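K.L.:
Protein chains in written order, with this note's numbering: chain P, 1 to 262; chain L, 263 to 524; chain G, 525 to 786; chain R, 787 to 1048.
Please keep in mind that the hints were generated in silico from the structure rather than gathered at the bench.
Model, not experiment: these values are computed from the prediction.
Think of the CB as a built atom: it goes at the ideal place given N, C-alpha and C, for glycine as much as any other residue.
Hints are not guaranteed to be accurate.
[As the list claims (entries may be wrong)] Below, a list of computed lysine-lysine pairs in the DSS-like style, where the Cα atoms sit at most 30 Å apart:
#1 G:K607 x G:K773
#2 G:K786 x R:K869
#3 R:K869 x P:K249
#4 P:K11 x G:K535
#5 L:K511 x G:K786
#6 R:K1048 x P:K249
#7 P:K83 x P:K249
[As the list claims (entries may be wrong)] Listing some non-contacts, in silico: residues in chain G with all C-beta distances to chain R over 10 Å:
#8 P600
#9 L634
#10 E649
#11 R703
There are 4 protein chains.
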Amino acid sequence: MDLDPDVPQTKPSYRLNPQRSMVATGADVRAGRQAAFGLPGHGFADDMVSLSLQAATHWDALAHCFHDYRMYNDRPCELVDAKGASRNAIDVLRDRIVGRGVLADVAGHLGVGALPADHHVTVAELEATLAAQHVEVREGDVLLVRTGHLGRIRREGAWTSFIECDEPGLGHDSLPWLRARGVAAVAADNWAFEVMPSRYELQLPMHAIGIVYMGLVLGEMFELDALAADCREDGRYAFLLSAPPLPFKGAVGAPVNPIAIK
Amino acid sequence: MDLDPDVPQTKPSYRLNPQRSMVATGADVRAGRQAAFGLPGHGFADDMVSLSLQAATHWDALAHCFHDYRMYNDRPCELVDAKGASRNAIDVLRDRIVGRGVLADVAGHLGVGALPADHHVTVAELEATLAAQHVEVREGDVLLVRTGHLGRIRREGAWTSFIECDEPGLGHDSLPWLRARGVAAVAADNWAFEVMPSRYELQLPMHAIGIVYMGLVLGEMFELDALAADCREDGRYAFLLSAPPLPFKGAVGAPVNPIAIK
Amino acid sequence: MDLDPDVPQTKPSYRLNPQRSMVATGADVRAGRQAAFGLPGHGFADDMVSLSLQAATHWDALAHCFHDYRMYNDRPCELVDAKGASRNAIDVLRDRIVGRGVLADVAGHLGVGALPADHHVTVAELEATLAAQHVEVREGDVLLVRTGHLGRIRREGAWTSFIECDEPGLGHDSLPWLRARGVAAVAADNWAFEVMPSRYELQLPMHAIGIVYMGLVLGEMFELDALAADCREDGRYAFLLSAPPLPFKGAVGAPVNPIAIK
Amino acid sequence: MDLDPDVPQTKPSYRLNPQRSMVATGADVRAGRQAAFGLPGHGFADDMVSLSLQAATHWDALAHCFHDYRMYNDRPCELVDAKGASRNAIDVLRDRIVGRGVLADVAGHLGVGALPADHHVTVAELEATLAAQHVEVREGDVLLVRTGHLGRIRREGAWTSFIECDEPGLGHDSLPWLRARGVAAVAADNWAFEVMPSRYELQLPMHAIGIVYMGLVLGEMFELDALAADCREDGRYAFLLSAPPLPFKGAVGAPVNPIAIK
């Protein structure tokens, strides 16, 4: 996703869209108000921004979620305090999440533009999608699950239905499947990666079990529509995925600009 | 570079190091202060940040620099105003700067840990370095120039000598050379990519001419020491470089986490 | 107004509500994560914030508005550039706007909780209100005009109708009246001080003429309901008003916590 | 203090000086880049800021400090979590700290421009100062203690000696004295109000005991030199002090622009 001041949050939230502002501009140069380099017309522009690290396309750090007062690798949850995460922060992944990526275009396989908001993607659907795409998931892969949800929200301008609302996605039943295949990271084109509500005894089981007990790195708000179109065209659903997070020290998540290379 | 609150700016500046702060923590979960999911011990962490977009490793947008009241593609400089860049912003590069990368380890070739701060890297030195490395620069490549400067600054903790101070790098004489080879982007392990001072009639000619008239994308504060060590070991100085900027809408620069893949 | 992350902006805007976040907490102390003072249980909390300077109750600086490329005192408008205001900034008022204040409770005088959104407060209404309140406006006074609008918006939760929407207030016809009486500053309980739309050849004439040509300091989003209730009770509509803006250097506006003292 | 991007923090710190940036400027108006009001030359300027709430002149909230896992009024410290303070926040003082103020110009009484950095102001010195000034402290007063420290730091440009360094001020022995007189709030022209180091078994006893057990509101980085000069001239060291904090919801401190009115 572009880092945009207007979306995805369209109402006040604990998540802040990127708020960019300027400290030097070309209009200043035109108006004769910048003398940076001693020559009229020669100048520069500079900007700053405030944003939530998980405001748009991002990876959750393994420090993002807790269960039973623990985070990944049996670390106590309080190691994430007001100074940040002293373990499992996003910066430990600074040169990771670069490797084989596989797209499972579930929406495409089911022949819809987007899955309905209450659609729980089952393991059977996932397997059928991969089989139809003639691609397999291997150990260490990054699996991208396309629901079509983000694209639909954008087309319809329905952003208020996007944040902490019902959404299609994988559910708790896919955790053993992901574990058995040794998937390193998963991402989807929705808000919280997983189906919501969870229809499970635990809210957000992909977070609580996947992040905390399996060390599964979750990616959210990935734009997958253009990638899916490309894969449909050439029939190749595996690629080199380069998606290292920005290494904010001590952060519990970070924006990323993921790129699929064929 | 890691996105770090303490460096590279160590004094107040128009550039702000990333200032991260928390809106949800594991310490809150431990202290019984988070009831996000209705189950004690089950919770999450979230953070936000304020930073200058060019505070650490970044690409300059083609809207970052002006000469003679113009920016790239003969656009008037005032198209970069207090709302941001309406042309040549960083987000037009959202899926670019992914391709063949070549490292020119000038410091390594000259047998020093880091070039002196007044070292102007000449075209002859650049060519000798590439020849000794048995690598050639091709059209569309991204050229990474290693001066060793950033590594030296970090080793010595000499950050106050890093910002807008003398630094080694390429100078104006390399512009025709870059143009002739069709280099798409260049980056270095220093503050402003180019040698400072410029020893030319124009301050920052790589910016003023390279960005404005040639559309050369400049990268600054790239960490190249580990990459150079790897290239020395396997003798391969060309690689797949994946370095798309974070697509902040309308921004005049953006942080990047560049990855070399062999 | 309290500085609140949720209001008055309820949609993305060029104005940002205060976004507060923590860098040290008591939950950290409880969880044993803060060792600031070498004694368990002894610690501190600290926070930071990002906000637009005109997000809530504030004074406009004389650098906030331009007409015919000029700002107050015939200064060229470009003296407000991306570095801020080099003339007429809010910090020149750091020890000002402390003096006699007068409340004109127009809504109260007209016997309504709040004026309708299309109500243009005329000079006749203003004079009738002051006469009924047995109070006069003197040279150098700060005049507070109560429309009831902000209170109504809050009661109804109608914040989306508050920002850049129709609102009751004074109009251009009151400018000569304010000038003749030597009023130093004016404020109201609405978004932009003045009636919107202006029903005048110029949009926002109180800003364009009042700020630029008269040097009138405008205050917006002042909470006046409690003050009005107090004035009704004791019949005294004049008081000592202490309302110096926070002196942000170079700023074009600043938050204020205005206090009426009787 | 003016809210200044350059001071008091001159090195990276957990406290951030105000970082102001622009979202609309007069230079844009001049360059024809703002069409806000449909008339060339008619426009506005707007800015935003990121800052620590205790970066400059401020009041500590009663939620700012903890001792023995408690804060004021026997509240558990974890009520200050990553969402802010749910008790004792600064916004409960939104219309407070307006009343009789008394200046104790200790530096002036001792005939020095500024007290040395290791000067512990004793109760005897405080009483001698007040006696010499012919002023008494009464119940509910706000006591301002002038050490001259902030003025000296500014004159000498010695800001690196200002943050968490030795400083002159009151010490723990003055707590019973303040309690006996019913002082409501105290402030000084130094960084942390009190003498540092504390020469007591507890670090920062004015915070740990004064805030936590006495509910004493502490003010820091108050500019008192101009006020002292005025008091010396007219011999009146008591005045109306208007110093309500900016009411940031849930904050543990807030900037203030304090005004003494005679």
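K.L.:
Looking back at the hints listed earlier, which ones does the structure fail to meet?
P.N.:
The structure breaks hints 2, 5, 6, 8; every other hint is satisfied.
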